[in-house]
Amino acid sequence: MFAAVCCAAPVGNAISAYVALKTGQQDDGGIAEGGSAADIPPRMLTAYKKAVQQVGKYVPKCQGMRWPILAGIAKVESNHAVGRNIADNGDIRPKIYGVLLNGSGAGGNTTVFPDTDNGKWDGTATGERAVGPFQFMPSTWESIGKDGNGDKIADPHNADDAALGAAIYLCGNGRDLTKRAQLKAAIWQHNHSGEYVANVLGWIDQYTAAAKDPDLKNVSGKVRTVNEAALSQRGVPYSWGGGNASGKSYGICCSPSGKSGANIKGFDCSGLTTYAYAKAGVSLPRTAAAQAGVGQRIPASLGTGALKPGDLVFYAYAPGRDSTIYHVGIYVGSGQMINAARPGTVVRLDSVNAMSGFAGGARLL
1 MFAAVCCAAP
11 VGNAISAYVA
21 LKTGQQDDGG
31 IAEGGSAADI
41 PPRMLTAYKK
51 AVQQVGKYVP
61 KCQGMRWPIL
71 AGIAKVESNH
81 AVGRNIADNG
91 DIRPKIYGVL
101 LNGSGAGGNT
111 TVFPDTDNGK
121 WDGTATGERA
131 VGPFQFMPST
141 WESIGKDGNG
151 DKIADPHNAD
161 DAALGAAIYL
171 CGNGRDLTKR
181 AQLKAAIWQH
191 NHSGEYVANV
201 LGWIDQYTAA
211 AKDPDLKNVS
221 GKVRTVNEAA
231 LSQRGVPYSW
241 GGGNASGKSY
251 GICCSPSGKS
261 GANIKGFDCS
271 GLTTYAYAKA
281 GVSLPRTAAA
291 QAGVGQRIPA
301 SLGTGALKPG
311 DLVFYAYAPG
321 RDSTIYHVGI
331 YVGSGQMINA
341 ARPGTVVRLD
351 SVNAMSGFAG
361 GARLL
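Counting in my numbering, the sequence shown runs from 1 upward without gaps.
Note that these hints are calculated values from the structure, not bench results.
Remember, it's a predicted structure, so these values are computed and weren't measured experimentally.
Please note that the accuracy of each hint is not assured.
Here are the computed lysine-lysine pairs in the DSSO-like style, where the Cα-Cα straight-line distance is at most 30 Å [said to hold, decoys possible]:
hint : residue 1 : residue 2
1    : LYS61     : LYS184
2    : LYS57     : LYS222
3    : LYS146    : LYS120
4    : LYS61     : LYS259
5    : LYS95     : LYS152
6    : LYS222    : LYS308
7    : LYS146    : LYS95
8    : LYS179    : LYS222
9    : LYS57     : LYS152
10   : LYS279    : LYS259
11   : LYS184    : LYS57
12   : LYS179    : LYS120
13   : LYS61     : LYS146
14   : LYS57     : LYS308
15   : LYS308    : LYS217
16   : LYS146    : LYS179
17   : LYS146    : LYS184
18   : LYS184    : LYS222
19   : LYS179    : LYS152
20   : LYS184    : LYS95
21   : LYS146    : LYS57
22   : LYS57     : LYS120
23   : LYS279    : LYS265
24   : LYS179    : LYS61
25   : LYS152    : LYS61
26   : LYS152    : LYS120
27   : LYS120    : LYS95
28   : LYS217    : LYS259
Just need the whole structure built from these sequences, with the hints factored in.
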């Protein structure tokens, strides 16, 4: 059944399975969890997107949380932990510490903050300093910190935990972050500085634009036709078995998670690629696994850096065995792909590391 259509998150991946079942359709073209930006390490971007999906459990009334908001904060606070090692489980090493807040003027601080955690989070009992990629005060973390990666520890030095804590903190008692005034209030709560708020808002706007508009200025010919055709379908609902060379269509029943596409007019992953390539005069087989047999294969061993705009991108349960391929997208550059990810989502931009089991690509043009 898995190879008959597509797409399904690997059933052995508990996080992917959870997200596949819990993700709701976005009315913003998928910006909540779709898209990427070149300056954000992939593992950090994954943490931001995961936090967006988890925050509703803790602040059900929160509206409008999306990854560019978290990215805007983390950009200003720690530059997304660039230069640190970010483990698969999200642990960041070396840990990120702010200056000791002893009133010395370092970092612009002139107020003494006494120690509250005996060095548990900030590594010193002589005073207080901000911690992690979102630079939480230890006392703040103790009040809002949550376990985001499932290891039963809420650690501000873990990307998943820190991103979830930031999402909860920014959501407050249930803000509507689609409203600019409430978004500003949320950022102000994080740091009482007008300059800081303006700086973070600038990055949020930049990341939002990047998620919506990939740069195709150096892409031409049939490759551009394919990318533009796929991008034109952003916001179209995912439909299991939906889509063909002519465009979106009603799907079939049912995905591995039991979701039917029979009443949804849209695309699944290989339906979208079939449509986009048809616009360039290329006929593709209908399933993701079969599409891996077309064109020049790009081995997974070469990494995602070997991909070029217009390439098909594959994901498999057992990379190296094309019969286990479960997902396909179209690479658009800068670490992004356009794809129909899974039931409950829409056609959107995603980081190429958004799916597990990278299985290489295929170059048809």
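Hint-by-hint comparison with the structure:
1. Annotation: proposed proximity of LYS61 to LYS184 holds, straight-line Cα distance about 18 Å (limit 30 Å).
2. Taken as a hint, the LYS57 and LYS222 pair is broken in the structure, with Cα atoms around 44 Å apart against an allowance of 30 Å.
3. About 16 Å separates the Cα atoms of LYS146 and LYS120, which keeps this hinted pair within 30 Å; it holds.
4. Pair hint LYS61 plus LYS259 holds up; C-alpha atoms about 26 Å apart against a cutoff of 30 Å.
5. Proposed proximity of LYS95 and LYS152 is supported: the alpha carbons are some 19 Å apart, at most 30 Å.
6. For a cut-off of 30 Å, the pair hint linking LYS222 to LYS308 stands: about 13 Å separates their Cα positions.
7. Between LYS146 and LYS95 the CA atoms are separated by roughly 18 Å; this keeps the pair inside 30 Å, and the hint holds.
8. Straight-line distance between C-alpha atoms of LYS179 and LYS222 comes to about 40 Å, which puts the hinted pair past the 30 Å bound.
9. In summary, the hint linking LYS57 to LYS152 is supported, as the alpha carbons are separated by about 16 Å, within the 30 Å threshold.
10. Simply put, LYS279 and LYS259 have alpha-carbon atoms about 29 Å apart, close enough for the 30 Å limit, and the pair holds.
11. Of the pairs offered as hints, the one joining LYS184 and LYS57 holds, with about 23 Å between alpha carbons and a cut-off of 30 Å not exceeded.
12. About 37 Å separates the Cα atoms of LYS179 and LYS120, which puts this hinted pair outside 30 Å; it is violated.
13. Of the pairs offered as hints, the one joining LYS61 and LYS146 holds, with about 18 Å between alpha carbons and a cut-off of 30 Å not exceeded.
14. A hinted pair counts as satisfied when its Cα atoms are at most 30 Å apart, and LYS57 with LYS308 does not qualify at roughly 38 Å.
15. Taking the CA atoms of LYS308 and LYS217, the gap is about 14 Å. The hint holds against a cut of 30 Å.
16. The hinted pair formed by LYS146 and LYS179 meets the criterion: a straight-line CA distance of about 26 Å does not exceed 30 Å.
17. Between the alpha carbons of LYS146 and LYS184 the distance comes to roughly 24 Å, so the proposed pair stays at or under 30 Å and holds.
18. Using a Cα cut-off of 30 Å, the hinted pair LYS184 and LYS222 is violated, with the two alpha carbons roughly 43 Å apart.
19. For the hint pairing LYS179 with LYS152, the CA-to-CA distance comes to about 34 Å; that exceeds 30 Å, so the pair is violated.
20. A hinted pair counts as satisfied when its Cα atoms are at most 30 Å apart, and LYS184 with LYS95 qualifies at roughly 28 Å.
21. The straight-line distance between the Cα atoms of LYS146 and LYS57 is roughly 11 Å, inside the 30 Å bound, and the hint therefore holds.
22. A hinted pair counts as satisfied when its Cα atoms are at most 30 Å apart, and LYS57 with LYS120 qualifies at roughly 27 Å.
23. The suggested pairing of LYS279 with LYS265 holds, with an alpha-carbon distance near 19 Å, which does not exceed 30 Å.
24. Restraint check for LYS179 and LYS61: satisfied, since their Cα atoms lie roughly 14 Å apart, inside the 30 Å limit.
25. Of the pairs offered as hints, the one joining LYS152 and LYS61 holds, with about 25 Å between alpha carbons and a cut-off of 30 Å not exceeded.
26. Taking the CA atoms of LYS152 and LYS120, the gap is near 17 Å; set against the 30 Å cutoff, the hint holds.
27. Of the supplied pair hints, the one linking LYS120 and LYS95 holds, its CA atoms being roughly 12 Å apart against a limit of 30 Å.
28. Simply put, LYS217 and LYS259 have alpha-carbon atoms about 38 Å apart, too far for the 30 Å limit, and the pair is violated.
The structure shown violates the earlier hints numbered 2, 8, 12, 14, 18, 19, 28.
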